[in-house]
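Enquirer: Listed below, chain by chain, are the residues.
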Amino acid sequence: MTQNTAAANVQAGAAAESGTRKNPMQMWLGRAGFWLLVIVILFFLMFPFYWAINTSLMTETELFNPARIWPDNPTTINYDSAFRNDDFLRGLRNSAIVSTVSVLLALVVGSFAAYALGRIKFKGRMLMLYAVLAMTMFPQISILSGLFSIVRDLGVYGSLSSLMVTYPLLTLPFTVWVLTSFFEGLPAELEQAALVDGATSFQTFYRILLPLTAPALVTTGLLAFIAAWNEYLFALTFTAVAPEARTVTVAIAQFSGRVMRQEPIAEVMAASIVVTVPLLILVLVFQQRIAEGLTAGAVKG
Amino acid sequence: MANVSNTQASYRPEAGALPFISALFVLLGIGAFIFLFTLVTSDTDFQNAIDRPITYSASGLPAGLNISPTSGDITGVIGSDATGVYTVVVTATSTDPNTTPGQVAFTWTVGDPEDGEADPVSEPPPSPIEVEFPGNQFSDEGERVSVSIEAQDTSDVNIGAVLLAFLRNFGIIVPVLVFSVGVYSIRMGIKLFQRDIVTSMWARQLLLWLAIAGIFGILYGFVNAGNIAGGLIVSLLPWVFLEGLVLFILIWLMRNEHIFEGQETLTSRNTRNAWNLLIPTVIILLLVAARPLEQTFIASLTDQRFAAAREPQFVGFDNYTELLGLRIDHIPCEEASGGGCAVDEDGDRIFPRSRNYLIETVESYRDWGYRPMNEINLFGARWAISARDSDFISAVSNTLLFTVVSVSLELVFGLFIAMVVNSKFPGRGLMRTAMLVPWAIPTVISARLWEVMLRDGRPGVFNQVLLELGIIDQPISWLTSSDWQVLAMVAVDVWKTTPFMALILLAGLQVISRDVYEAADVDGASKVRQFFSITLPLLRPTIGVALVFRTLDAVRVFDVFQVLLGERAFSMATYNYNTLILGQEFGYASAVGVVIFVIILLFTVAYVRILGIGER
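Going down the list, the protein sequences come from chains A and B.
Residues 10 to 310 in the working numbering are what the first sequence lists, from first letter to last.
Residues 1095 to 1710 in the working numbering are what the second sequence lists, from first letter to last.
Chain B extracted, bound-state conformation:
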């Protein structure tokens, strides 16, 4: 460092506008912080969650008088026919629904304006809302009246509500982005001032993208001009100004590259180029994946329902604990009179009804909404599995069963098909086309097609063939009997997506050099041996990619289950659909989505660990 400053002392070009430009970057950073701060503090929802303003209402007021809902002032002109004794009850309600409303009641004798003293008849009931009744402030002029009630919510601030208000209005991504822009741009300003060449290159890159964004801004200004009072000029001016500023700085930095010291490292240049190329992907990622996912996550922390009058409340992770509530309990047998277990006439042990036993012995079993799902008898002992949301748990087990069976079958069939298509024979081109037929049919339609084929009775082709061949005596209800449902789904999915697997595996097979097999032939290795010791190991990375994409698709399976099984049996995605569209439980359904996301994430991590995908 000392050396560098020595050389700098000998020759250092004029900085020119550099201090101004650095200052602009720092200002931009500070601006981002100020913007974030004002955005949050000026947001009424967020402020209300902290301040919890009071809404006033009154009953029993003399005719002609009204209470202002926001300020609590009772104003108006008492009509001449309004004389009498009134019992007035003022209710102060906090925006926090967990706070009990406060009340104040007083009697009011109207008739003699001179003797307008009103006295509270009772103390306000205990409530976190402090209600102050400053007394009667009658103006004696004529019959104009002004009474003021003041109340304040003195309970603790509801952290959940504050958090929710923040998340709902700003999300997570935008504040983080604005904050990082602030930090980054201040750092950039300082580094620029220090004449750091790497920073200047990054600044140029950033400005280039800003300039492109500015062009879109100008276009937006043109389109939007009609909606703004000032017309074209007002709508365009800020964008044109920004574009000009950005272009000015950009051009200045490009022209004055010589004032920056040192040379850009290759790493920095590579990283810059890489992110440059990734910008469109990042934008799409943020827009269509990250933002919606963020909203789903935020909604999953609430009890939001569609078309509900009530504001959604923050419930923390309640939705998740309900979804994932699962317990396994040991059920002891009924005791025989002489000790040991009681047995029935078949010699089987007698057990109490699991539900009754658990409700009696397990505290809060019923309060938490547990219900027995299944019983397992193991070595004479009995275990009961109970879940809070048994539909979801069975959806998860259906989906996992479906995924494991169908993906393994697809792998085996796909490998077979790929190897056949990979060998040379006349008509290979047609075979390659035929291979993609099942995949080319839209899933919604192929599901309907299988519905036709799997129909009950003889109109369904499977039943007809099996009956004709004498394999079964009675037609099978593929889609309604719970023994066959998931297997039928596996059949449809295997048929539908094996081509995808086969296509990717085919690609992997074609890369394997023929020389390897020839050498193996020379050594006299059998075909089976060749398959296991050459094909499979060399194909492993390809199998990895294929497995990842197929598994992710299988875990998310929707169309097939939805069309063929509807509400008879759920996959995770159709269960999600059901809670969302039919149940209208937006918060709960969002939690389902997040749980599915986490399950898939676990699958991916497992694949990456086991198969080493993506590593160079």
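So that you can see chain A by itself, here it is in the shape it has in the complex:
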């Protein structure tokens, strides 16, 4: 029996070998095709970003010349003026604070909920899953006025806290759903062992399961961070009376041109590059973990 299996394995191995052993021309073509695909994808993903860099290096008057692949006289004047803009710098700081707090809130609250939804059988589970999803079922604009009165009632209108209170609306549903599917994927034996040892549910959760979810937490945290960092409508509305609480997206949108009645497009592009770079660094640092996190999570809905 064992010998048979071993023989089968050898045969399978040989078959696999012969399957991959194609003639060199074909292999070379395959490689080339693959790299061509990689280049096409990179071009698709990066071209608009490249164009933002391109635009940010032009002066405002150059913008009205026919488009060129590289500006004739690259200039950093737009970056200079972005960095000299106090509103922009304060916006960067505000965005960093709000996004960090939102991520922490979403992760703590979301992992609690996801553990309950992913690991415990109870009445009302499906209802809660859909209630959480329902948070994303209306445009932000539709509930803006209702949210506005709540923000005012809580006494946080015009402060950064107003955004910390409202951003779970954007970050929580996704966090809960992805983490729930992650928890569902963990083997059941872990908990049973813990329960046998007399651990409470909560202990099982934060001593045993939570450490295992670290990669998934990093991933969803990153996605939540990007969502909060990029939010515009709430930030615009709830900080309308308080310029000091504006986030960076609002600050950029309110750049006023040095030239009368003209949008400073190049300057906006420079600022948007500056805003995107921290996110890219975050992604670069965590990219290994992103893959791990979602893999281990076995996103399966």
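Just so you know, not all the hints are guaranteed correct.
Now the stretches of chain B that chain A is said to cover, found in silico as 3 or more residues with beta-carbon under 8 Å [to be verified]: (1) 1387 to 1393; (2) 1518 to 1530.
Below, computed lysine to aspartate or glutamate pairings styled on DMTMM-like, alpha-carbon distance capped at 25 Å [stated by the list, open to error]: (3) 1518/B / 1609/B; (4) 130/A / 1290/B; (5) 130/A / 1358/B; (6) 132/A / 1355/B.
Derived from the structure by calculation, the hints contain no laboratory data.
We treat Cβ as the ideally placed atom computed from N, Cα and C, and that holds for glycine.
Model the placement of chain B on the given structure of chain A, informed by the hints.
Expert: For chain B alone, kept in the frame of chain A given last:
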């Protein structure tokens, strides 16, 4: 049950304070009902909607006299120079604007205080407001005068107004919550008294959360102490008292677990733990999602406008019928003199102008505000599509087109990218970072970036490249020509959100074991075959989650349309923005929001049914 009571008879521990604690729970429940009842009955808006108090006003009164707007009493001192004949008209207006104001007019001869008899010159005109004029009740002392008018709105109570007053002041969620707390806590009190172990555990859980809430209450008391006349003590005392009571009961229940009978079931324990962990989510859900949505829904039943002097009126589902008013009519051709259809010189049938034809033939076509949107010619027949709010209907069709096209493209591209990144090659890490670039740029800004790229003429890079390559002769106005608008939006969205799709699909791909593919290789299955019979089926649940989140986002698309198209073409969300911010029509805009919610809900239900998401 009988067995249980037998064993109870043999040994039953002292109940101690249990009756008191049970009674407290029952009292709390009754208190909730009383609270709800007094809250509603003492609310003036709500009472006014039922009682509809009258406001009085008078014209033509002698100098020195005034009418009280609330009681209808005319009082004051007539000046000595006020002699003469006055025609006084008193108007009684109900708070219900649908009721015609009632009027009473009488002449009044001032001059001889002795002969102060005033007689109404006319009966009050017919009006639902009953006005009583009890006559002149002059006091003869000097020139002090007192006349009283009484009126009452006798029309039927306006149910809509009563409902609206209730909804606006209490909403739906809070009354339901208070009511459930009442029912739940009375039930809990009774069950506790019966020594039910499950209830005691749930009670402990509840008390624990109340204790935590109490700590926040105490903190609030500290912060708020400055605003209260009694200072710190008055502000803190109720919270400290409540906290003490809650902690006392909690500790008592924990110490006396032995007096409860039986054992808690595993189901109950699990459910308790689950809800425990879900409490923060539920609070956030209620606070930032359910409450605002509730207010949106309530506003959608009114004709509220921003900065309008008039109180908003209850209009039922009028906003919805206007939004969704859509009809398709068959337009018959012009008849030729010899019967059959008249044709023009090209041989095409001649049709009457749809609008004129429909106004003539369809009753209330114009009254309802229908306007033809589009005409479809099918097998020589003509159908006219008319809508009451054609902007909204075209916003819906734009959005649906946008959603279907962009989400399917994103799925295909996302799958491609995910599969490429999933294979091993040098520089994969960088590729994974590059993959997220479009998604990391704030939407508001990436929309501006695309605005730059899609500009008219040669400054726009797309036009420049296409012109240089000789593919087009004339620059295309991507954002102003209606042929290209939605497609341009699709391009922006596909670029922007494919990374999100790719990331989730990548995760799903990495879970699929390599063994499956190796086995397929052994069997000699082609790569294409492997993709369709292994990858796709195994990826289905992941695709489901990705599709749900992407579709929900696409249906709600806002930033891209707002920045790039403004008022030239709407998505549902930008149409909502337009009615709200520019049109100031709060009630109508709220109805738009609710309709979008329902459309998205339908999408979600469809996905769940088709893809079986969320089922274990």
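Enquirer: Against this structure, judge whether each hint is valid.
Expert: Here is what the structure says about each hint:
Only residues whose C-beta sits within less than 8 Å of a C-beta in chain A count toward coverage, and the stretch 1387 to 1393 of chain B has 5 of them, enough to reach three; the restraint holds. Coverage of the stretch 1518 to 1530 of chain B by chain A holds. Counting CB-CB distances below 8 Å, 8 residues qualify, and the rule asks for three or more. At roughly 16 Å between alpha-carbon atoms, residue 1518/B and residue 1609/B fall within 25 Å of each other, so this suggested pair holds. With a C-alpha separation of about 23 Å, the suggested pair residue 130/A and residue 1290/B falls inside the 25 Å cut-off, and the hint holds.
Annotation: proposed proximity of residue 130/A to residue 1358/B holds, straight-line Cα distance about 16 Å (limit 25 Å). For the suggested pair residue 132/A and residue 1355/B, the alpha carbons sit about 24 Å apart, so the restraint of at most 25 Å is met.
The structure agrees with every numbered hint stated previously.
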